[in-house]
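Listed below are the residues making up each chain.
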Amino acid sequence: MMNMPFFELQNISKYFAKVVANKDISFTINRGEVLALLGENGAGKSTIMKILYGLYKADEGHIFMEGKEQRIVCPKDAMELGISMIQQHFALVPAHTVTENIILGNVHGKIDYKKCEKEVGQLAKVYGFDIPVKAKVSELDIGVQQKVEILKSLYLNARLLIMDEPTAVLTPQESDKLMEFVKNFTAKGNSVIFITHKLKEVMEVADRIIVMRNGRVCGDVKVKDTDETKLSRLMIGKDLIQPEKSSQEKTEAAAVCLSVKEVTLQHKGETPLLKNISFNVYHGEIFGIAGVSGNGQEELCEVICGALKTNHGTISLNGKDITRENTRDRIAEGIGYVPVDRHRDGLIMNMTLAENMMLKSSFDKRWIRNGLINKKKLNEYTKQAIENYKIKAPGPDVEAKGLSGGNQQKVILAREVDNGKELLVLNQPTRGLDLGAIHNIHTVILKERLKGKSILLISTELSEIFRLCDRIAVMYKGSFMGIYRSKELNTEKIGLLMAGYSDEKEAASQ
Amino acid sequence: MNARIKDLIITNFLAIMAGIILSGVVLIFLGVNPVAVFGEALKTMLADKYTFGDVFLKATPLIFTALAFAFTFKANLFNIGAQGQFYMGAIVAAAVSLKLDGVLPNFLLLIIVCILTLIAGGIIGGLIGYLKSRYNANEFLVSMMSTYVVLALMNYLLRTFLKEAKGEYPQTDALTRAAWIPTLLSGTRLHMGFILAVVVAAGVWILLYKTSLGYRIRAVGSNTLASEMSGINSKKVYITAFFMSGALAGLAGFTEVNGVQHMLIQDFNTGIGSAGLGIAILANANPIGIIFAAILFGALNVMGNLMGRMPGVNIPSSIIELMQGFVMIFVIISYFVRFYLENRREKRKIKKVVAQ
Chain A
1 MMNMPFFELQ
11 NISKYFAKVV
21 ANKDISFTIN
31 RGEVLALLGE
41 NGAGKSTIMK
51 ILYGLYKADE
61 GHIFMEGKEQ
71 RIVCPKDAME
81 LGISMIQQHF
91 ALVPAHTVTE
101 NIILGNVHGK
111 IDYKKCEKEV
121 GQLAKVYGFD
131 IPVKAKVSEL
141 DIGVQQKVEI
151 LKSLYLNARL
161 LIMDEPTAVL
171 TPQESDKLME
181 FVKNFTAKGN
191 SVIFITHKLK
201 EVMEVADRII
211 VMRNGRVCGD
221 VKVKDTDETK
231 LSRLMIGKDL
241 IQPEKSSQEK
251 TEAAAVCLSV
261 KEVTLQHKGE
271 TPLLKNISFN
281 VYHGEIFGIA
291 GVSGNGQEEL
301 CEVICGALKT
311 NHGTISLNGK
321 DITRENTRDR
331 IAEGIGYVPV
341 DRHRDGLIMN
351 MTLAENMMLK
361 SSFDKRWIRN
371 GLINKKKLNE
381 YTKQAIENYK
391 IKAPGPDVEA
401 KGLSGGNQQK
411 VILAREVDNG
421 KELLVLNQPT
431 RGLDLGAIHN
441 IHTVILKERL
451 KGKSILLIST
461 ELSEIFRLCD
471 RIAVMYKGSF
481 MGIYRSKELN
491 TEKIGLLMAG
501 YSDEKEAASQ
Chain B
1 MNARIKDLII
11 TNFLAIMAGI
21 ILSGVVLIFL
31 GVNPVAVFGE
41 ALKTMLADKY
51 TFGDVFLKAT
61 PLIFTALAFA
71 FTFKANLFNI
81 GAQGQFYMGA
91 IVAAAVSLKL
101 DGVLPNFLLL
111 IIVCILTLIA
121 GGIIGGLIGY
131 LKSRYNANEF
141 LVSMMSTYVV
151 LALMNYLLRT
161 FLKEAKGEYP
171 QTDALTRAAW
181 IPTLLSGTRL
191 HMGFILAVVV
201 AAGVWILLYK
211 TSLGYRIRAV
221 GSNTLASEMS
231 GINSKKVYIT
241 AFFMSGALAG
251 LAGFTEVNGV
261 QHMLIQDFNT
271 GIGSAGLGIA
281 ILANANPIGI
291 IFAAILFGAL
301 NVMGNLMGRM
311 PGVNIPSSII
321 ELMQGFVMIF
331 VIISYFVRFY
341 LENRREKRKI
351 KKVVAQ
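Residue numbers (our numbering), protein chains in the order written: chain A, 1 to 510; chain B, 1 to 356.
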């Protein structure tokens with residue numbers, strides 16, 4: 001009994017239309033263990049946990065509990081087995097009190113509120129939670145709301161607690177308290193699964209780590225047998241190769257193109273997404289931002305492109321303040337943006353290539369003749385792009401979804417390079433592409449740099465950062481860990497910065 | 001692409017057949033032989049010129065309300081309130097026609113009435129779009145409820161300012177011939193409004209697929225995030241799309257008042273808003289497809305009428321609505337069936353890729 005794993009997942013696969021979310025996932029969870037599920041955004045961590053919790057139905061595979069196969073088709077089944085999941089976005093009713101939220105779904109007939117409140121209060125005391133049981137959830141801080149969520153699971157006698165990015169909304173102090181609870185909870189023979197992409201956190205709290213990439217398990221290691229470099233290698237997928245010095249000449253005396261000053265972005269009552277970020281990008285320079293994805297890179301891009309408004313700070317392009325300009329004006333000023341999620345933000349999949357090529361310039365008079373779209377001119381332009389960027393497509397009239405990922409990316413790049421006359425913002429432009437396409441895109445980026453454009457390159461691939469960038473900033477939890485010349489950094493140093501250690505001593509003392 | 005068109009044709013055909021067969025079953029319960037009755041009705045419809053003209057006459061307002069639904073549908077919005085926008089157009093058509101009757105020559109009067117009904121419907125639609133973009137109100141509910149507001153307004157006006165001179169019924173005076181839309185085919189009730197509907201459908205197709213405004217409407221409908229990232233103001237698109245949608249529904253008021261009823265009557269054409277929705281879905285929101293789907297519904301309507309009046313058999317006239325209702329339910333179900341089929345196909349495709 002003791003040797004048998006608490007839960008076991010065997011060969012689980014899940015297909016969504018168009019995407020493989022999980023493929024052949026197998027791993028075990030033992031009693032009294034903190035298991036971390038580590039992987040980049042979109043690696044399939046949340047999906048596999050939603051399958052375990054009964055929110056999704058697996059297309060293939062089996063789930064065992066203590067050696068016995070279980071069918072989990074809805075969260076109620078999971079709860080009966082002692083599984084509880086705390087979602088990134090809490091499932092609380094804001095207008096109800098803490099007690100009402102906790103007993104929700106578990107009381108019948110007339111409710112004895114006094115008794116329930118007492119029960120909840122006692123349970124909170126056992127785990128050292130300081131929670132006002134009569135207060136309305138809408139009046140509580142995010143950190144306390146999370147405790148209510150946890151308490152809800154404990155009320156149901158959860159023995160396996162799944163937490164999806166639990167520290168994403170917490171301050172460091174609150175995070176510490178959460179970690180304390182996790183240790184306390186597992187000491188009693190219960191298990192916890194942490195979904196996260198933060199290496200530092202994993203090293204602190206987990207016993208064992210499952211690393212996921214592209215919907216598959218690519219590592220199952222004990223914390224004591226690994227370190228952060230090994231983990232990031234597993235997570236990102238390729239060996240971190242030695243830095244390649246960029247072969248181009250330096251452009252010292254160039255003028256500032258993009259200037260970001262003290263930019264802060266924070267949604268009400270949450271931890272800031274961007275904290276006081278300042279940097280300049282010069283003409284003819286590639287400015288790289290390294291970091292594990294999900295540390296504020298996407299928000300920074302969107303702030304620069306105008307899709308998000310800053311709470312504080314200014315952004316200027318060629319000396320002109322553009323902080324208050326909307327996206328359309330910024331496009332007209334010459335900012336091109338290649339977003340990280342090309343399906344969501346970059347392309348309209350059921351439109352043709354030609355239509356996608358005019359997406360950014362739909363207000364431009366050059367496409368209009370006699371009030372109608374000049375199809376001939378647009379097709380010529382698209383054909384030219386297909387030729388110049390070696391896009392494998394039959395012609396301008398095929399729908400974007402018919403192309404492979406690499407060719408879709410080339411379409412976006414062709415459009416943005418042409419629109420971004422001054423500045424190109426590239427967020428992981430080679431993510432998920434094959435080597436040929438990557439080489440192609442790198443060539444384009446270097447060519448545009450020689451033309452004098454400014455390029456802001458966000459990447460999680462250190463090799464890419466080192467190969468292309470003149471200067472590098474490392475981003476962690478919404479702020480810069482420092483800005484360095486490409487030569488000043490090596491793989492080890494950048495790895496530590498990415499994990500949130502500002503110098504080597506701090507790392508050594510951990 | 002090919003599989004999708006095949007799905008569209010097959011599922012729609014099955015949906016229409018299922019609707020007709022189910023109404024046939026109801027007829028059997030009434031002790032009537034459905035095959036004989038359907039056959040007789042079809043024969044009369046095709047043989048009699050007046051009845052044949054009615055098919056297109058009934059199709060005319062349906063083309064407008066279907067276009068109204070399709071237009072917002074392309075922006076991924078739902079305008080369920082075509083009925084109300086149609087009534088608003090009808091109110092303005094009747095009021096303006098009565099005022100200008102005999103003052104202006106026929107042609108000029110029709111143009112003015114046409115433009116004003118368009119604006120009247122558009123304002124109701126635009127208001128819904130404004131509430132959507134300003135307060136993020138659910139356009140589905142707001143548009144649905146707006147119908148009842150306009151209906152109440154119409155009833156009020158018909159009892160007060162627009163009430164007929166005789167003062168007996170809640171309806172307006174009849175328009176004189178000077179305000180009628182000219183007949184298209186002599187010996188029938190079919191009027192030029194049908195041509196207008198076809199031209200407008202073609203115009204909507206050009207607007208949606210050939211102009212940059214239509215391009216932006218479709219872009220927002222297909223991928224709002226990518227559109228906003230590209231500098232397109234989706235809120236503005238919502239208002240524009242809803243204004244145009246309302247305007248299209250308003251035009252149905254013009255053709256019904258000036259072309260068919262020649263007056264405004266309480267509670268007339270109560271079903272054309274919802275019928276338009278079904279037609280738009282049947283035609284996959286394609287403006288040209290809508291013309292044909294509307295003619296089909298017009299034919300169903302006429303056939304139902306014929307069956308109700310058939311000598312010797314006792315069929316209640318409500319069989320028309322029943323038949324249309326059945327067809328519509330199945331057409332709407334077929335839309336979700338197509339979605340399911342498409343999803344399953346994609347899933348199978350990706351499984352094959354992974355297996356390799």
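Hints were generated in silico from the structure; no laboratory data involved.
As the structure is a prediction and not an experimental result, all values here were calculated from the model.
Keep in mind that the hints are not guaranteed to be accurate.
Said to hold, decoys possible - Derived pair list, reagent style DSSO-like, types lysine-lysine, alpha-carbon separation capped at 30 angstroms:
1) A:LYS376 / B:LYS349
2) A:LYS23 / B:LYS210
3) A:LYS421 / A:LYS487
What the hints assert, rightly or not - Not the full set, but computed from the structure, chain B residues with beta-carbon under 8 angstroms of chain A:
4) ILE16
5) THR183
6) GLY187
7) LYS210
8) SER230
9) ILE232
10) SER234
11) LYS351
12) LYS352
As the list claims (entries may be wrong) - So the derived label-pair ranges between C-beta atoms look like this:
13) A:PRO132 / B:GLU321: 53 to 59 angstroms
14) B:LYS236 / A:GLY319: 48 to 54 angstroms
15) B:ARG134 / A:ILE483: 55 to 61 angstroms
16) A:ILE142 / B:ILE10: 27 to 33 angstroms
17) A:PRO94 / B:ARG348: 50 to 56 angstroms
18) B:VAL199 / A:PRO94: 26 to 32 angstroms
19) B:GLY39 / A:ARG366: 58 to 64 angstroms
20) A:LYS376 / B:ALA137: 47 to 53 angstroms
21) B:ILE119 / A:LYS376: 43 to 49 angstroms
22) A:GLY405 / B:ILE119: 53 to 59 angstroms
23) A:THR443 / B:ILE10: 45 to 51 angstroms
Every residue, glycine too, gets a C-beta built ideally from N, C-alpha and C.
To see whether the hints hold, each was checked on the structure:
1. As the CA atoms of LYS376 (chain A) and LYS349 (chain B) are separated by approximately 34 angstroms, the hinted pair breaks the 30 angstroms bound.
2. Under the criterion of a C-alpha separation no larger than 30 angstroms, the hint pairing LYS23 (chain A) with LYS210 (chain B) is inconsistent with the structure, at around 43 angstroms.
3. Between the alpha carbons of LYS421 (chain A) and LYS487 (chain A) the distance comes to roughly 28 angstroms, so the proposed pair stays at or under 30 angstroms and holds.
4. Residue-level restraint check for ILE16 (chain B) is violated (minimum Cβ-Cβ distance to chain A is 26 angstroms; threshold 8 angstroms).
5. Evaluation of the THR183 (chain B) hint against chain A yields a violated restraint, the C-beta minimum of about 34 angstroms exceeding 8 angstroms.
6. Look at GLY187 (chain B): its Cβ only gets to about 40 angstroms from chain A, farther than 8 angstroms, so that hint breaks.
7. This hint holds: LYS210 (chain B) has a C-beta 5 angstroms from the nearest C-beta of chain A, less than the 8 angstroms allowed.
8. About 5 angstroms separates the beta-carbon of SER230 (chain B) from the nearest beta-carbon of chain A, less than 8 angstroms, and the hint is met.
9. A cut of 8 angstroms between beta carbons decides the hint on ILE232 (chain B): the least distance to chain A is about 6 angstroms, and the hint holds.
10. The closest approach between the C-beta of SER234 (chain B) and any C-beta of chain A is roughly 11 angstroms, which is over the 8 angstroms cut-off, so the hint fails.
11. For LYS351 (chain B), the suggested interface contact is upheld, since its CB lies about 6 angstroms from the closest CB of chain A, less than 8 angstroms.
12. Hint status for LYS352 (chain B): violated, given a least beta-carbon distance of 11 angstroms to chain A, over 8 angstroms.
13. In this structure, PRO132 (chain A) and GLU321 (chain B) meet the distance hint of 53 to 59 angstroms, their C-beta atoms being roughly 58 angstroms apart.
14. One distance hint, 48 to 54 angstroms for the beta-carbon pair LYS236 (chain B) and GLY319 (chain A), is violated here, with the actual separation near 30 angstroms.
15. A hinted range of 55 to 61 angstroms for the beta carbons of ARG134 (chain B) and ILE483 (chain A) is inconsistent with their spacing of about 42 angstroms.
16. Distance hint check for ILE142 (chain A) and ILE10 (chain B): the Cβ-Cβ separation is about 51 angstroms, which falls outside the suggested range of 27 to 33 angstroms.
17. Taking 50 to 56 angstroms as the suggested C-beta distance range, the pair PRO94 (chain A) and ARG348 (chain B) does not conform, at roughly 42 angstroms.
18. Distance hint for VAL199 (chain B) and PRO94 (chain A): a CB-CB separation of about 53 angstroms, inconsistent with the stated range 26 to 32 angstroms.
19. Distance hint for GLY39 (chain B) and ARG366 (chain A): a CB-CB separation of about 60 angstroms, consistent with the stated range 58 to 64 angstroms.
20. Between LYS376 (chain A) and ALA137 (chain B) the C-beta distance comes to about 42 angstroms, which lies outside the given range of 47 to 53 angstroms.
21. Separated by about 35 angstroms at the C-beta atoms, ILE119 (chain B) and LYS376 (chain A) break the suggested range of 43 to 49 angstroms.
22. The supplied range of 53 to 59 angstroms is broken by GLY405 (chain A) and ILE119 (chain B), whose beta-carbon atoms lie about 47 angstroms from each other.
23. The supplied range of 45 to 51 angstroms is met by THR443 (chain A) and ILE10 (chain B), whose beta-carbon atoms lie about 48 angstroms from each other.
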